[in-house]
Amino acid sequence: MTVSAEWTWWRVALAGMRDALSLPAWVVGFGLVGIGSLARDVGYPVEVAVLSTMLVWAGPSQVIFFASIAAGAAWSAIAIAVGFASLRFLPMTVAILPLLRRPGQGVGMQLLLAHYVAVTAWTEGLRRLPHVPPPQRVAYFLGFANTCMATSSVGTFLGYYLIGALPIPFAAGLLCLTPIFFLASLTAGLRHRGDAAAIILGLALAPICDRFIGGGFDLIVAGLIAGSIAFALRPKKVAP
Amino acid sequence: MTATITQPIAWLDGPWWPYLALILFAVLPTEIWRWLAVAFSRRIDADSPALEWVRAVATALLAGIVAKLIVAPPGALAAVPLALRVGALSVTLAIMLFDRRRVLLAVLAGEATLIGGAYWLPAI
Chain F
1 MTVSAEWTWW RVALAGMRDA LSLPAWVVGF GLVGIGSLAR DVGYPVEVAV LSTMLVWAGP
61 SQVIFFASIA AGAAWSAIAI AVGFASLRFL PMTVAILPLL RRPGQGVGMQ LLLAHYVAVT
121 AWTEGLRRLP HVPPPQRVAY FLGFANTCMA TSSVGTFLGY YLIGALPIPF AAGLLCLTPI
181 FFLASLTAGL RHRGDAAAII LGLALAPICD RFIGGGFDLI VAGLIAGSIA FALRPKKVAP
Chain D
1 MTATITQPIA WLDGPWWPYL ALILFAVLPT EIWRWLAVAF SRRIDADSPA LEWVRAVATA
61 LLAGIVAKLI VAPPGALAAV PLALRVGALS VTLAIMLFDR RRVLLAVLAG EATLIGGAYW
121 LPAI
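Protein chains in written order, with my numbering: chain F, 1 to 240; chain D, 1 to 124.
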């Protein structure tokens, strides 16, 4: 939907909301249903599950957090694994902030905008924001991202209570949404053979490391090895 | 697969522990990168090799999470045979490799494979 430069901020935010509801908000919303059940499995209250969606706002980090607790990993290992899984937000945020920057914008507003950076808001933001007039982008992005966060919070809440009450095939289906959606969005973002190598090696090495490396550090080791090999395999840039 | 869950840190334990654990071990390690990005965004070159490496490791980590969730799944997903879990993932992957814009279709087809398979297979 095109956004006119003359629109008031709330009309722009509504446009962002509408674009989110056209599909992306539903995908993340359903994708985070599994988080609710993971939180419930370790006996944490529903508030913590929903807060994790609003405050962490990163499916993989939330999965690592709750699944590692379920596996009995050390707290230090959990924090490091979450930290590493979220490292990608550094380059992602660096990439999207210039699109949202305005003259005179405070640090507080930039920190707020950065908080919404996650796979969906980022990929969609990079694609849609260039078509929005610069003064309207912040309102549009906040409308879009907050809508995604709202559906995801509801999804997390429902997942917390729903999964136990569902027949096994459907409960399994909801729990499987997370890995299926992650794999789909990883593949959607493929750029070159380096990315493909990272995905294939990551898929292959994680179960192997899981078998041979204890203490909850297996995922980090697998990620570092697979990622470094993939980095070495990436095509060299052609000089511009 | 009946490992004990990670126990609270004794001297911080209490009714607020789950909230504290969430802030300390999930929110902070995630949010720090977004904050650092704000601090450095004017100085970091988005195409630098260091960030390429970070992106590669992050991608591999995410794929690793997918593999772990499929090989050692949580809760009800463990009741579904491994072959079916891998099959559902393969259907999603096949559709994505065929057309990378079909995220919704790929996700739904993978889900249909898993749920349908779980219903049709006997003795689950």
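These are computed hints drawn from the structure, not numbers from a lab.
Possibly wrong hints are sitting among the right ones.
To be verified - Subject to a maximum C-alpha distance of 20 Å in a straight line, what follows is the list of computed SDA-like cross-link-like pairs (lysine to any residue):
no., chain 1, residue 1, chain 2, residue 2
1, F, K236, D, E52
2, F, K236, D, W53
3, F, K236, D, A78
4, F, K236, D, P49
Here is what the structure says about each hint:
Straight-line distance between C-alpha atoms of K236/F and E52/D comes to about 11 Å, which keeps the hinted pair within the 20 Å bound. Proximity of K236/F to W53/D is assessed by CA-CA distance (about 13 Å); at most 20 Å being required, the pair is judged to hold. For the hint linking K236/F to A78/D, the alpha-carbon distance of about 42 Å lies beyond 20 Å, and the restraint is violated. Annotation: proposed proximity of K236/F to P49/D holds, straight-line Cα distance about 10 Å (limit 20 Å).
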